[in-house]
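Under the numbering used here, read the sequence shown as residues 1 to 283, first letter to last.
Don't take every hint at face value.
If you anchor each label on the Cβ, the simulated ranges turn out as follows [unchecked claim]:
1) F130 - R167: 50 to 58 Å
2) Q55 - L94: 39 to 47 Å
3) G90 - V66: 30 to 38 Å
4) L250 - A74: 47 to 55 Å
Source of the hints: derived by calculation from the structure; they are not laboratory data.
Idealized CB from N, CA, C, for every residue including glycine.
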Amino acid sequence: MTPGPRPTAPSALFPALVVTGITLLALFLALPILALVLRVPPGVLAAHLSEPVVQEALRLSLLTSVAATAVVVALGLPAAYLLATRAFPGKRVLEVMVDLPMVLPPTVAGIALLLAFGRMGLAGRALAVFGISIPFTTTAVVMAQVFMSAPFFIAAARAGFAGVDSRLLEAAATLRASEAHRFRRVMLPLALPSLIAGAAMAWARALGEFGATITFAGNLPGVTQTMPLAVYISLQSDLDAAVALSILLLAWSFALLLALRSAPAFWMGGGADARRSDPAQAR
1 MTPGPRPTAP
11 SALFPALVVT
21 GITLLALFLA
31 LPILALVLRV
41 PPGVLAAHLS
51 EPVVQEALRL
61 SLLTSVAATA
71 VVVALGLPAA
81 YLLATRAFPG
91 KRVLEVMVDL
101 PMVLPPTVAG
111 IALLLAFGRM
121 GLAGRALAVF
131 GISIPFTTTA
141 VVMAQVFMSA
151 PFFIAAARAG
161 FAGVDSRLLE
171 AAATLRASEA
181 HRFRRVMLPL
191 ALPSLIAGAA
201 MAWARALGEF
211 GATITFAGNL
221 PGVTQTMPLA
231 VYISLQSDLD
241 AAVALSILLL
251 AWSFALLLAL
261 RSAPAFWMGG
271 GADARRSDPA
281 QAR
């Protein structure tokens, strides 16, 4: 009796499945990007990007996203440090509150902001007494971007702080360094790569924010119309203009991620290696 073909060994089948999966995923991710880039000729692209409406949306996007990132870093750094170094009642609830915008639909976030800071909102009524109205202003754009981008920075910063070797902190404490001094001279330099990466991701998220912005801030040219909102409006009347704006946002995002992946260690971490080997510098 002639023996049949031997079954393929699982060890030989697994690499083929991995390669197939990676190939399909790469094609799925690359095809839409390729279609976007090839849709508009370079001359048409340059013409659309030089239009005043596009320039105004670009200026507003850069201004609001940078402001939002600064607010996120200023408010998120203490929160990340607290979550990484302390155990306290209600920590789980705080963690959920911090991470919630990452899974919350942006439109829902915009409605929540409107109900909180609108004219008849929880905080809006008190602000109205002083003549302050936030919705449909540039400030509302920044607030929406802060709400949606803060978790990205806090998560990265918390991981960076938690990754600092506790023995270095203990060594600094034996040298009578205060907690503030240990934070400034030990934790901050060693966690700097994570802080930079988190700030960059928060900036990218703020730059691409759409749902919460259009719900809470509206879509007023020159006031609240950022690049993503300009893409949405252009898509209804001029596909080539929408594609041109999309390519610009794509180029920014690609350049940012490429910089984070390829930046040299000394740019990201500074003198962290030296401090890692010499705790006495914490004095």
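Unmet hints by their number, sorted upward, for this structure
4
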